[in-house]
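Q: Sequence:
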Amino acid sequence: MSSALCLKSNDSDYSRQWGFEKLVFRDSRTKIRRDRKYAIQAKNAYATGVHMSENVIGGTLHQTETKIRYYHYHNSITVKGELCRELLPMSAKHNVTWFDSLPYVYDDNMKKLSATIKDFERSAIGSVHIFS
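Counting with the working numbering, you get residues 226 to 357 for the letters of the sequence shown.
Derived by calculation from the structure, the hints in this document are not laboratory data. Do not take every clue at face value.
Unchecked claim - Cross-link-like lysine-lysine pairs, in silico, BS3-like; alpha carbons within 25 angstroms at most: (1) K305 - K233; (2) K305 - K256; (3) K247 - K343; (4) K343 - K233; (5) K256 - K343.
Fair warning: this is a prediction, and the values are worked out from it, not measured in the lab.
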């Protein structure tokens with residue numbers, strides 16, 4: 226996912242949205258090896274942790290492009306202030322956008338899950354109150 230591209234919308238208050246709600250442009254390159262990471266059960270592995278590995282019991286799906294979609298937001302937590310550094314017009318939803326010599330396409334699947342994700346996070350860590 227791009228950590229800079231956002232869709233320009235008149236009805237959006239970007240300051241109230243979480244990162245995955247506004248960063249909606251996915252790197253659309255295909256046929257490249259991604260650094261896949263898997264969490265596996267320790268009893269089925271020689272080494273544990275989150276890394277590309279293979280279960281000792283059972284097979285591993287390495288051709289996962291159609292089975293698993295990965296959403297990575299690199300370089301987004303180190304940005305002070307607003308994440309949206311490049312606001313794209315609504316027409317970008319239907320076109321390929323080239324940014325830093327990479328093709329990006331609109332993908333709002335994480336945004337569609339925002340209510341569920343926010344409910345989970347709030348139940349797991351509670352509400353955060355900021356006092357000035």
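Q: Which of the listed hints are broken here?
A: The structure conflicts with hints 2 and 5, although it agrees with all the remaining ones.
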